[in-house]
Every structure is written in structure tokens, then in C-alpha cells.
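There are 2 protein chains.
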Amino acid sequence: MKSANRLKSIAPFHVMDLLAKAKQMQAEGRDIIHLEVGEPDFSSPKAAIDAGIGALKRGNTHYTAATGLPELRQAISDFYLSRYKKQVSPEQIMITPGASGALQLISSLLVDVGENLLLTDPGYPCNRHFLANINGDGILVPTEAEQDFHLTPTLAKENWNDATIGALVASPSNPTGAIMSKQQIQALHKVVTDQQGCLIVDEIYHGLTYGCDAETAVDLADNVFVINSFSKYFAMTGWRLGWLVAPEWAMKDLDKLAQNLFLAPSTPAQYAALALFEPDCIAELETRRAQFSLRLNYLLPALENLGFVVPAKPQGAFYIYADISGLKHALSNDSMAFCLKLLEQTGVAITPGIDFGHQQGHHFVRFAYTADIPVLSDAVNRIATFLKS
Amino acid sequence: MKSANRLKSIAPFHVMDLLAKAKQMQAEGRDIIHLEVGEPDFSSPKAAIDAGIGALKRGNTHYTAATGLPELRQAISDFYLSRYKKQVSPEQIMITPGASGALQLISSLLVDVGENLLLTDPGYPCNRHFLANINGDGILVPTEAEQDFHLTPTLAKENWNDATIGALVASPSNPTGAIMSKQQIQALHKVVTDQQGCLIVDEIYHGLTYGCDAETAVDLADNVFVINSFSKYFAMTGWRLGWLVAPEWAMKDLDKLAQNLFLAPSTPAQYAALALFEPDCIAELETRRAQFSLRLNYLLPALENLGFVVPAKPQGAFYIYADISGLKHALSNDSMAFCLKLLEQTGVAITPGIDFGHQQGHHFVRFAYTADIPVLSDAVNRIATFLKS
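Same order as they appear, the protein sequences are chains A and B.
Mapping the first sequence onto this note's numbering, position 144 (from 1) lands on 144, and the numbers just tick up by one.
Mapping the second sequence onto this note's numbering, position 382 (from 1) lands on 382, and the numbers just tick up by one.
For the record, the hints were derived by calculation from the structure and aren't laboratory data.
Just so you know, not all the hints are guaranteed correct.
Since the list gives no way to pick one copy over another, a pair counts as held whenever it fits inside one copy or between any two copies.
What the hints assert, rightly or not - Below are the BS3-like pairs computed for lysine-lysine, each with C-alpha atoms no more than 25 Å apart in a straight line:
{"no.": "1", "residue 1": "K157", "residue 2": "K341"}
{"no.": "2", "residue 1": "K8", "residue 2": "K313"}
{"no.": "3", "residue 1": "K157", "residue 2": "K190"}
{"no.": "4", "residue 1": "K23", "residue 2": "K256"}
{"no.": "5", "residue 1": "K256", "residue 2": "K8"}
{"no.": "6", "residue 1": "K2", "residue 2": "K252"}
{"no.": "7", "residue 1": "K252", "residue 2": "K8"}
{"no.": "8", "residue 1": "K23", "residue 2": "K46"}
{"no.": "9", "residue 1": "K388", "residue 2": "K182"}
{"no.": "10", "residue 1": "K388", "residue 2": "K328"}
{"no.": "11", "residue 1": "K8", "residue 2": "K85"}
{"no.": "12", "residue 1": "K57", "residue 2": "K46"}
{"no.": "13", "residue 1": "K8", "residue 2": "K190"}
{"no.": "14", "residue 1": "K256", "residue 2": "K21"}
{"no.": "15", "residue 1": "K2", "residue 2": "K23"}
{"no.": "16", "residue 1": "K23", "residue 2": "K252"}
{"no.": "17", "residue 1": "K256", "residue 2": "K2"}
{"no.": "18", "residue 1": "K190", "residue 2": "K86"}
{"no.": "19", "residue 1": "K85", "residue 2": "K2"}
{"no.": "20", "residue 1": "K57", "residue 2": "K388"}
{"no.": "21", "residue 1": "K21", "residue 2": "K388"}
{"no.": "22", "residue 1": "K46", "residue 2": "K252"}
{"no.": "23", "residue 1": "K57", "residue 2": "K252"}
{"no.": "24", "residue 1": "K2", "residue 2": "K157"}
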């Protein structure tokens, strides 16, 4: 007995080994600062918790439609209108089991065996694995620090090949936190459209932008798919709920796929999510957003002072992607070894860049500022001592 | 823009059209009896609801490990010991987003492009679509009514081809409710092993067996995978939680797949599930099982009296798979037309056999006895009138 060949192209998260090590150290009594996981430290908003409890008390535990609760699709449509002033029909919004579910649906919908999507290197590691899972490919396009690690129209044109059917980008991006402007998205969309391909925009960090807003691509054209999630801005990670905005022509096939692959998204999670759009809850989320902004304003210069170089300006998500090549202990250009040594000596856990792509990942690390400023400050002091040691 | 080729091999559930029609009729004030959906009418057990509420109040809304909460894996291991007297290491148990998640993981783990699994016709329709999704195939083996529609060793041998890597069977089966005996499973396992293939046993209707127990294949050999779910016996459909028991050699790859495809199963659902194994809760579930048994004892002879022929003896799940070819209104041998006409004229919704396979599905229908006996009796009376009209 052996595993299928696709398993060779699917990597585990390197950070998982580090996380296991961190947990073991914690169990041994060490004081660990977790800046490695892509998850807000905030718990789910009280309104959502209460709505979830209400749903359970009412016995809302049966299947919903595969496309999700109609009232939640409507609530998301209303949210696009109130927040972005954009009209999106609820019929084009599909509720999914996390953004993971949306990425799976899109991969299955669009990509035939041997076909590929252009992806950014660095980028979210699962993207290429969703494609490998259905025997497609992700072309990891090495992006440039000077271009904020974005997929530029030029790079898209250069890397497009006969088997390319589209491009997948994230704004704000994981691991860089960089945002694509309206003009950048439109220019990329033009290239993709010229090639008769499609554009997929991962907007799961929307709402978590600092000093600016991110542009949504929901109404760009009928070759555009938008992925979003309740996990990040809405702090609902463990509930596993996201959504997908897709062109009309794709909805019937997406419904068919979702029926077969998932049956339906979680019912209690969907009822909980209905409460997230209430004004009081949005106000709470905006307060948290302001806290993330303060953390970024503290951590970015502090890291730069220590010699970390941050080429792509982080304006969103909760990440800083930092070049370690000028630092002591990083002479080996091995980000995993750097992260392990940092963890062992200081108890600070961060993610090695090798999780996000092949180019430059060996001399980059990602910090998630998912802790309060006093904790971040403690981490910075520990790292300072480490770098002097 | 067009969908990928795999979409041509993935069918929607035909029953969805019927369900939409039923809901529309209901909205127009018609009294509909729902015997079409594969979902217990019971709500989730109170213990699970309370545990879910407790988890939400404590803020247990963050990610768990991709393999699930260690304490839930342990609880399932303990359950195998107490209920089946079988030792299963928690390390070989993986929590999944529904049995759907487990079926996805197994398909991705085992089946390369163009390879296939033997499936039963009739059987659960999604099985072949999970395979089509990853560009594999399901060989729908026409099974015989005289053999309770099971995949026999002879049929497995006859249908095995160079691209076959294993067989997937369900016991109790959907749509028939028939159970494979220990001897039948072992004999099938021998054929599969002789071919150096693997055996996957879907045990999601375990616990819902009447007058007998079903044998679990969890400890059969290291080429055997077992799928189970909290949806049916435990009545947790909308929570989307299941599990997978896999051989040791497969666990690392399964973990890697789950990390990438799902990140993790629902956290509130996992905490809720922990309460399901408490003695009081099991007692409640056993009371419900007894009710299902009474319903079966009522409905089966009642349908047979009306002229429905039930060749495979239903002993589990909550289904009766009935041949309509001798009935009035079924002369066209079109089970979808029969179900639609029945729905329109009587308000009784059942599922056409064409959802479960290609052979004979056009003259079979599936009844789900997910309603109390007075409601079932009402349905029987309406059908009787219909058949006389």
C-alpha cells in the first residue's frame, strides 16, 4: 500500500514542527510567546457567541442548503453595499466551510489535470496544494520585494504558459500584509482577460487594513472570483466559515460540487455569523482593528531597529515578513534553523519563510502580531538579547 | 470561461429538484411529508447542545489540530473498546469535517489520476463524485438484489481491472439499509488483499441497526480504512463532524492533507461531540434507535402491502429501498417522474432511485423513515389513495 503521487507535491506546514516544539517547551514550564500562528488572539465576538448559543438552544442543528442559509447570503450582500457601496446579488454568494472550502471549490471548478494557476511566491502555502490535490499545478511566480511581492502584469505575462488558466492573488497578502491598489488589480485583470483566463482574489484579510481600505474585486467582471472568510476580521477561525463570490455562470456547478464535497457548511456557525453584521458587533471589530494597527506601529520599527529588513510595506492582515539575512545567527540562510534557535533560546515562536514559497523563504521569517503590545515588547527584548548573544 | 471537465462526471442530487418543489408547495400552504432527506428528524442530543454552549461560553472558538482534539480522538478510541471490544489507538483516529471530509481525504490519499475504486450500484452517490473530483473513477458495480445489493467477492474479482486500487462498501448501506456480515466483509477483504488493494468501509450508519449489531472493520488489517460520522446515530448532521480510522502508515500523509484542505474540523462541534459518549446520552440515543426500529417494523410491511417490493432486507440506517416496477403510475419505469407525481398529488416526498446508481434506479425509490409512526401512517394512506387513483 502506498499513497497517491499527489502526496509528493503536498508539503506539511513547516511551522507545525515548530509549534509542536513550542507546545512541548510550554508543557515543560517554559514561557512561550506565540507569534507563529495565522489566527487572531481575540475570541469570537460576543454577539456571534450569543447567536450561536441561541441557535443551539433552538435546535438549529440540521443541514442547510449546500450554498448556505439564504439570510446569511443576503446579509453578506447587504455588507458589500454598506461597506463597499457595491451591488452583489446574494445568488452569487456561496457560504463555504472556511475560505479553505472556497479555495477547494474554485480549484475543482476551474482547473483540469495539468492546468495551472499563477500564484505569488511568497504566498499562502495551501494554494498550490489545493491545486496539487486535483492534479493541477500552482506556478510559483518569484515576485520582487520592490513590487511589494505582488504579481505584476509583467510577471503574469512572462509566466503565463499554454496550461495557465488564471491567476490567484491575495490582498492583503499573507505573509507580507501588502495591499494591491485598485489600479494594480485592474491592470492584472486586463492581462488575465487578454489571455482569456480568470482572476481569483483572496480577500480574507479585508477589514484588517491600517490607515487605508482595500479594494474589493467582487464586481470587476464575470471572469473574477472573490474568496472571503469569517476567520480573520470577524475572529471566527474555529467555526470554519467563509464565502465565495462567483460569476453567475459558475453557480450551478459550484452548488453541485458543494453538495457532493461538503453537503453543507456548519449550521451553528452560519447562525452565529448572522449576528456579525450588527452595528454593535462591527463597532467591536473596528476597535480590535485599531488595536492591530497600534501593534503594527509598535512592532515594525522595533524589528527594523534590531536589523530585520521589511521590504514590502505591511498595511493589512496581522503579519510582518522580514528579511533576516543581515542578522547574526542567520548566516546559514536557513530560516527554519533560525526560528528553531530563536524558539529554544528565547521562547519566541515565529514562522520560517520556507512555508511561503521557494524563493528567498530561507532568509525570511513571518511575525504574526497576534499578541498585546506588552507581550510584543517582551518578545522584542528577548530577540534583541538573542541577536547580541 | 468554462468549468473543468470533471464537472461533466459530477451530478447534482436529483432529489434536490424534488426538495425545491416540496419547499415551494409547502410555502403555498400544502401539507408535505418529508421522507426524502438522509437526516434524522431528531435534534442533536441535549448533552451535546449543552456541551456546545459551554464551549462557546468558554471561548473555545480557535483552531484545533488538523487531526482534531486529542481528547475526542481518545473518546472515540474508548468507544471502540466499550461498544465493540476492539483496541484502536487514538493515533489512528482522525476527526474530519463530516464523513464527507473523511471520504475526501481517503480519495486524495489513495487514488491517482485514472485509478479507480469499486463501488456498489446502488450506493451513496457522492462516492463516485469524490473520485471524479480528484480525476479518479468509481466503477459502479451492478449488484444483485438476491445478494442484498452487496459487493460480493465474486463481483469484486470480476470487476477488478488494472486501474483498480480498492473497494469502498457501506454497512449498513445507503440506500438499502442492508448489513454486511463479518464473514461477508472478511471474504471481500480477502479478494481485495489478494489484489494488493485496500478496503474502505463506510460505517456511518453504525448504531442504527435493528435486531442485530453491525461488525466494525477497524481492526481488520493495515489495508483497511473505516469512515464514521457523528451525523446519523449521534444526530449531529448540521455540525459537520465525522472521523476516519486509518492504518498507521497513512496517518502522516492524512495529517498533511487535512492541514492543507481543511486546516481543522469545527472546534465547537468537537467540544459538543465529547459529551455524546456519556452514559446518559448513549441511553437517549438507544431510545431513539428503538423508535427507528418500530418505524421500520411499521413501514416495511405497510409498503409491501401496497405493492412495493423490497428485495434487500433493511436492517439498519433509516431507509427502505423499494422496487416500484409493479405499481400503477410506474409503468414508464421513471422513478423521478413517479416521485414528482407522488409529491404533487399527495405531498409525500421520497427519493428517486436514480440518485443511487445507474442500474435499476429508474424503477426504485428510497423511503427515509425519519418521521413518527402517525406521520408515516398518514403517508402510507396518501400513497394508497394515489396508487388507486
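- Can you name, in rising order, the numbers of the hints this structure does not satisfy? Structure breaks hints 1, 2, 8, 9, 11, 13, 15, 19, 20, 22, 23.
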